[in-house]
Amino acid sequence: MTIYLPIAELPVNIFTLLALGIAVGFISGMFGVGGGFLMTPLLIFLGVPPAVAVASVSTHMAASSFSGTLTYLRRGLVDVRLGLVLLTGGLTGTLAGVVAFMLLRRYGQLDLVIAVTYIVMLGTIGSLMVAESLRALLREWRGEKANVKRPGAHPWFLRMPFKMRFRQSRIYVSVIPVVTIGFAIGFLGALMGIGGGFILVPALIYLLRVPTLTSIATALMLTLVTMTAAILMHAVLNQTVDAVLGLVLMVGGTIGAQFGARAGQAMPAERLRLLLGLLVLAVGLRVAVDQIVTPADFYAVSIDEAAR
Amino acid sequence: MRRLAAPLLLFALALALAGGDARGAELVLSLSKARVTITSNFTGDTIVLFGVIAPGEAATPARPQDVIVTVRGPSESFTTWRKERFLGLWVNADSRSFLAAPSYLAVFTSRAPALIAEAEILRQEQVGLDNNHLLQRIGSDYADVVPQDPFRQAFLRVKQAQGLYFERPAGVEFIAPNVFRATIPIPGTAPIGPYEVVVKTFADGALVSRGALDLEVAKIDFEQTVATTAQDHPWLYGLATALMALAVGFIANLAFRRD
Numbered sequence: 001m002t003i004y005l006p007i008a009e010l011p012v013n014i015f016t017l018l019a020l021g022i023a024v025g026f027i028s029g030m031f032g033v034g035g036g037f038l039m040t041p042l043l044i045f046l047g048v049p050p051a052v053a054v055a056s057v058s059t060h061m062a063a064s065s066f067s068g069t070l071t072y073l074r075r076g077l078v079d080v081r082l083g084l085v086l087l088t089g090g091l092t093g094t095l096a097g098v099v100a101f102m103l104l105r106r107y108g109q110l111d112l113v114i115a116v117t118y119i120v121m122l123g124t125i126g127s128l129m130v131a132e133s134l135r136a137l138l139r140e141w142r143g144e145k146a147n148v149k150r151p152g153a154h155p156w157f158l159r160m161p162f163k164m165r166f167r168q169s170r171i172y173v174s175v176i177p178v179v180t181i182g183f184a185i186g187f188l189g190a191l192m193g194i195g196g197g198f199i200l201v202p203a204l205i206y207l208l209r210v211p212t213l214t215s216i217a218t219a220l221m222l223t224l225v226t227m228t229a230a231i232l233m234h235a236v237l238n239q240t241v242d243a244v245l246g247l248v249l250m251v252g253g254t255i256g257a258q259f260g261a262r263a264g265q266a267m268p269a270e271r272l273r274l275l276l277g278l279l280v281l282a283v284g285l286r287v288a289v290d291q292i293v294t295p296a297d298f299y300a301v302s303i304d305e306a307a308r
Numbered sequence: 001m002r003r004l005a006a007p008l009l010l011f012a013l014a015l016a017l018a019g020g021d022a023r024g025a026e027l028v029l030s031l032s033k034a035r036v037t038i039t040s041n042f043t044g045d046t047i048v049l050f051g052v053i054a055p056g057e058a059a060t061p062a063r064p065q066d067v068i069v070t071v072r073g074p075s076e077s078f079t080t081w082r083k084e085r086f087l088g089l090w091v092n093a094d095s096r097s098f099l100a101a102p103s104y105l106a107v108f109t110s111r112a113p114a115l116i117a118e119a120e121i122l123r124q125e126q127v128g129l130d131n132n133h134l135l136q137r138i139g140s141d142y143a144d145v146v147p148q149d150p151f152r153q154a155f156l157r158v159k160q161a162q163g164l165y166f167e168r169p170a171g172v173e174f175i176a177p178n179v180f181r182a183t184i185p186i187p188g189t190a191p192i193g194p195y196e197v198v199v200k201t202f203a204d205g206a207l208v209s210r211g212a213l214d215l216e217v218a219k220i221d222f223e224q225t226v227a228t229t230a231q232d233h234p235w236l237y238g239l240a241t242a243l244m245a246l247a248v249g250f251i252a253n254l255a256f257r258r259d
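From first to last, the protein sequence lines stand for chains X and U. Letter by letter, the first sequence follows residues 1 to 308 of our numbering. Letter by letter, the second sequence follows residues 1 to 259 of our numbering.
Source of the hints: derived by calculation from the structure; they are not laboratory data. Accuracy of the hints is not assured; some may be wrong.
[Claimed, not checked] Covered by chain X, according to a simulated footprint, are these stretches of chain U (three or more residues, beta-carbon under 8 angstroms):
{"hint": "1", "stretch": "67-73"}
{"hint": "2", "stretch": "135-144"}
{"hint": "3", "stretch": "151-158"}
{"hint": "4", "stretch": "170-182"}
{"hint": "5", "stretch": "203-214"}
{"hint": "6", "stretch": "228-240"}
[As the list claims (entries may be wrong)] Here are the computed distance ranges between Cβ atoms for each label pair:
{"hint": "7", "chain 1": "U", "residue 1": "Leu254", "chain 2": "X", "residue 2": "Leu213", "range": "33 to 43 angstroms"}
{"hint": "8", "chain 1": "U", "residue 1": "Ala112", "chain 2": "X", "residue 2": "Val120", "range": "45 to 55 angstroms"}
{"hint": "9", "chain 1": "U", "residue 1": "Ala176", "chain 2": "X", "residue 2": "Val293", "range": "52 to 62 angstroms"}
[Stated by the list, open to error] Residues from chain X shown here face chain U by an in silico Cβ test under 7 angstroms; the list is partial:
{"hint": "10", "residue": "Leu10"}
{"hint": "11", "residue": "Ile14"}
{"hint": "12", "residue": "Pro49"}
{"hint": "13", "residue": "Thr59"}
{"hint": "14", "residue": "Leu112"}
{"hint": "15", "residue": "Val113"}
Treat the numbers as computed from the prediction; the structure is a model and nothing was measured. C-beta: ideal position from N, C-alpha, C; glycine also.
All chains should be built: construct the whole structure from the sequences, respecting the hints.
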């Protein structure tokens, strides 16, 4: 059974889309990430124009992150104050990302920039996660205790001016790195069609030293707001949000996420991080291979939106 | 078969009318439907073109008639990019703009165009993909270039791979000496908008008659509402989509709540 996507302007099998949503939702529920970094390339592979894929995935991310945020809010794990400070940077970053998206598309370099950003971000984060979780697994295998790092002094960037206390996260740090992290996540999210959860969570844990669960909960809240803003901005500036595509994806995604979360809870944390690291690395490598291997056709045709 | 009944009836009528008048190379054309509507289960459609050549001009073994049908979709501007290797990556290096090129282009002929007329006439009448005008902007100049131009060839190649440009050298068949038929496939990815069907008949290597019909590909009902809202009321559309996402998230949270 096929369904015609009114904005992407092509027919797609509805079950393929649902299965895609469920599969990506399962992974995102299992690892506590948005899954946009998987969803966007898969949609492009199905023939959805990249601009429509990036914009429509943000609806799916808004839905699944809202569902997650509600759960964490009930358990009182969201650091709303930290979230709001991250957001001041995040929203500016999202707007900058959408504008950059528009400019790059005009100059024909959007695909390249998206690909290079994917390779760099996924390659770096993936390698770091794999290395870190392998070390943890090795320690466990040797029977050593994990050495919890508790350095007395904060690194230099947390000692910058404009300090602020975030009670829920039990930290007292400068707002400058917090806003900068927010900006970077918002920018990358709008440009790459990713929620940035898999970048934000490690950033909060390792850079700002926020407790793990609070990091995940706050990252989800941030994803919710930046993705809702991304929907609006893409709809107004680019007119590339396909509501039908988004609806099918989010229905599949929210169902898949529930089963994924259950599967994730049954697995030790280090192994989970290793798996996610490998997955992130694999996606990054796939994009890299596409960019490096000699293309079958040296020419590509794009439609000038301005002429429409 | 039912949808073909109406046009067939029309031909019978046309034949009867044309019968009395032997002079004048009149061409009567009809499409099985003039409007392709896109609904949520649209995966493509097929339109059948019927044509009647005035009996005086009917094909005989001594004087064969040739028919060339060209279907052009709504014009759009395209950019063709050439990739080059830069620091190990393939980068869009050079580009050409194709201004107002048809977004869909199909050419159906009764036999290979080279057999129908001289190359010069074929070019004049824009027969075939290679002879169709494709206006390019090169710097500040506007021109169509030679068919061997690599950008032009690449453009045709990419559009053919997308299934939006094609040539069918035996796509027009005569079902009677003066009645012909062509089947026009409209793929699921066909662009929305007005299409033009141009028919030219040739005999002895010269143009005998020409005719044109309009065809429209349009989204209707829900698809149209969604597309026009996204265009005309982007704020409303964005808000509605965002609210929909939040509602789905909320429902999922309630449905799977475990505490």
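Practice prompt. Using 7 angstroms as the Cβ threshold, decide whether Leu10/X counts as touching chain U.
Written response: Constraint on Leu10/X satisfied, holds at 5 angstroms.
Worksheet item: How about Thr59/X: closest beta carbon in chain U under 7 angstroms, or not?
Response: Given a least distance of 5 angstroms, the restraint on Thr59/X holds.
Discussion item. Is the listed coverage of the stretch 151-158 of chain U by chain X valid when you require three or more residues with a beta carbon under 8 angstroms from a beta carbon of that chain?
Written reply: Answer holds; 5 residues pass the 8 angstroms Cβ test.
Worksheet item: Mind checking, does the stretch 170-182 of chain U have 3 or more residues with a CB under 8 angstroms from chain X?
Response: violated (count 0)
Worksheet entry | Given coverage of the stretch 203-214 of chain U by chain X, checked by CB-CB distance under 8 angstroms (3 or more) | violated (count 0)
Worksheet item: Within the stretch 135-144 of chain U, is the number of residues with a Cβ closer than 8 angstroms to a Cβ of chain X three or more?
Response: violated (count 0)
Fill in: Whether chain X covers the stretch 228-240 of chain U (at least 3 residues having a Cβ closer than 8 angstroms to its Cβ atoms)
holds (count 8)
Worksheet entry | Status of the Pro49/X interface restraint (C-beta, 7 angstroms, chain U) | 11 angstroms, violated
Practice prompt. Kindly confirm whether 45 to 55 angstroms is satisfied by the beta carbon distance between Ala112/U and Val120/X.
Written response: 52 angstroms, holds
Item to complete: Grab the minimum C-beta distance from Val113/X to chain U and call the hint holds if it beats 7 angstroms, violated otherwise.
Response: This hint is violated: Val113/X lies away from chain U, its Cβ roughly 10 angstroms from the closest one there, beyond 7 angstroms.
Fill in: Hinted contact Ile14/X with chain U - closest CB pair below 7 angstroms
Since chain U brings no Cβ nearer than about 9 angstroms to Ile14/X, farther than 7 angstroms, the hint is violated.
Worksheet entry | Ala176/U versus Val293/X beta-carbon gap, inside 52 to 62 angstroms or not | 54 angstroms, holds
Checked against the numbered hints listed earlier, the structure breaks hints 1, 2, 4, 5, 7, 11, 12, 15; every other hint is satisfied.
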